[in-house]
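Could you put the whole structure together from the sequences, leaning on the hints where they help?
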Amino acid sequence: MLTKLRAYRNSPPATHWPPEGNSKKCGYKVKNEQGQPPEGLANEPTFPLLMFSHGLGGSRTAYSSLCSEFASYGFVVIVTGGAKVQDKSDCNGDPDCEKEFEKWAHMDHTEEEIRKGYHHLDYIFPKNNPKDTSPNNEQGVDGELRSAQIELRLCELEEAYRVLKVICAGDGEEIARQNLRSEGYVGGSSRGLQGVDWALWRHRFHIDKMTMAGHSFGAATVVEVLRHTDRFKNVQAGIIYDIWGAPIKPPADDPKHRIHLPLLGISSEAFMYWERNWNGVMSLMNEASEHGAPAYLHTVRGSVHISQSDFSVLYRHVTSFFLKATVHPQRAIDLNISASLEFLRLVTPSTGGGKAIIDRCMTDEELLQISLLEEIPDDHRPEDEYIAARLRVDHEFRTRMAAGLQRKFKRKVKGGMGSGYNASDEMWCHYKPTDDELQKWIEEEGRGEHRIDESHAMKGDASAGGGSDKGGKDGNEDEAPSVTMSLSDAEYKATSQSEADSHERLGSQTQQQASFGDVKDRYHDDETQQSATHASPAAMHDESERNDAPAKTWLGLNSALRDGPQQS
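Per full-length UniProt numbering: the sequence shown = residues 1 to 568.
FYI, nobody ran anything at the bench for these hints, they're computed from the structure. Among these hints, one or two may not hold up.
Computed list of lysine-lysine pairs in DSBU-like fashion (alpha-carbon distance at most 30 Å, straight line) [what the hints assert, rightly or not]:
(1) 29 <-> 408
(2) 131 <-> 249
(3) 127 <-> 116
(4) 408 <-> 25
(5) 127 <-> 249
(6) 116 <-> 99
(7) 256 <-> 440
(8) 31 <-> 408
Pair by pair, the computed Cβ-Cβ distance ranges are [as the list claims (entries may be wrong)]:
(9) 317 <-> 143: 31 to 41 Å
(10) 384 <-> 199: 57 to 67 Å
(11) 136 <-> 434: 34 to 44 Å
(12) 110 <-> 398: 49 to 59 Å
(13) 398 <-> 176: 54 to 64 Å
(14) 26 <-> 114: 58 to 68 Å
Every residue, glycine too, gets a C-beta built ideally from N, C-alpha and C.
Okay, structure coming up:
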């Protein structure tokens with residue numbers, strides 16, 4: 001089935017601010033109007049950056065509905081889609097490198113694949129444990145394989161960020177020359193990057209502050225990003241969509257290996273009934289909250305695991321009939337986007353990060369204001385053999401018919417959903433900070449607008465960009481970046497508090513934890529005892545000045561990818 005994203009290829013970024021309001025309130029013509037820049041900001045907006053990591057069985061093209069929605073709100077969205085396999089061309093004529101490549105080539109490629117210069121890579125199941133992703137698998141997850149996959153994902157994100165810095169510095173032509181998705185390459189596009197005016201992308205998106213998001217296994221990758229702030233210094237928040245928590249390891253003994261950044265989790269109702277996975281998600285919320293960062297956890301009612309991907313939109317009736325999803329696929333996407341934008345508006349600093357764009361474009365449905373759910377219902381909990389895969393709908397024909405007629409009646413007779421409707425009819429809230437905790441995080445002494453390592457990205461990539469890249473500064477881009485403290489210093493100031501304050505926070509979370517205590521799953525085991533409370537953080541090491549990837553990683557070993565294009 002051929003599908004196309006409704007977007008122009010290689011189009012330039014907008015040079016004007018969006019107008020106030022949206023098409024629902026101001027009419028369709030508002031989409032073609034230009035708005036005035038906010039007071040004190042440049043005439044051309046600088047767009048916020050979001051990087052997305054896809055699920056284990058998906059690809060970079062399987063989330064176009066979600067990602068294009070973010071793009072429509074002014075985000076520059078980057079979706080990683082698999083690393084290029086190294087070949088001799090990466091050696092740049094280095095005889096030692098070519099010799100090393102030939103030594104290991106036969107381990108990953110057949111003679112025919114080596115002769116062709118490419119190979120097709122199918123989905124690979126773990127050896128002797130092909131169903132390690134299943135909730136009912138007695139062998140559990142293949143930890144070695146999944147940990148290696150997460151490490152590869154982290155390396156891909158590092159490489160993508162390096163490329164973005166080169167583009168934002170105005171050297172996109174160098175990236176275009178290295179592009180292997182153009183005409184003539186297997187899997188390439190006939191158009192490639194033709195027609196892109198790279199000068200128009202100079203300093204047009206924020207690289208000093210970015211948001212990480214991911215679905216399923218990609219969400220597990222986001223958690224590791226948030227825990228490795230020494231490698232990902234410019235991440236300001238994380239969004240995890242229906243996370244698959246099995247590959248996530250408990251935080252290391254090192255106190256710096258914790259979540260110190262704002263975290264939003266949006267789960268499907270189907271995954272909510274998977275108790276082992278759900279306990280892991282709640283532990284992540286506790287981990288972030290215990291270190292002073294706001295954490296939210298919501299569930300889209302009537303949704304299944306693929307409701308945040310394109311599959312539910314493309315195959316709506318299949319999702320409804322076989323997986324028993326009851327939420328409209330497009331509405332499920334809208335709820336995920338609305339909650340994400342509300343979260344980002346709340347935690348994004350006013351300076352940098354594109355908050356001005358978010359404030360102007362978003363529609364506030366007050367999803368983060370939903371009251372905490374006291375007890376998780378089990379009306380749609382399926383039999384154990386279908387846990388996490390589908391929902392249960394009793395008297396399905398009658399239930400669906402009655403719900404459809406009820407919606408039509410409310411729309412035609414009452415002109416809407418009626419006065420009895422509220423956001424909790426579509427989403428449940430399981431975890432959120434108290435007002436005092438949220439305000440304390442925002443106003444924490446020393447935090448201010450320097451919630452992340454802004455100076456790290458502002459220095460640019462000397463090897464690729466040729467100097468300072470000023471992208472990512474709202475207002476006057478010529479202003480020299482101020483010296484800021486590192487994320488680690490700021491975050492640990494946020495968490496250095498008295499013993500009495502710690503007990504007070506733990507007491508305020510008693511009500512939150514009650515919302516997930518009654519989920520029933522016969523596969524409950526010792527994993528439920530994993531850390532609900534973590535050790536207090538100690539001082540982290542000083543911020544590194546280097547942009548290199550860590551040693552002993554895929555990028556650290558591949559100097560051509562690590563260092564980027566050389567400038568004369």
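Could you work out which earlier hints the structure fails to respect and list their numbers in ascending sequence?
none
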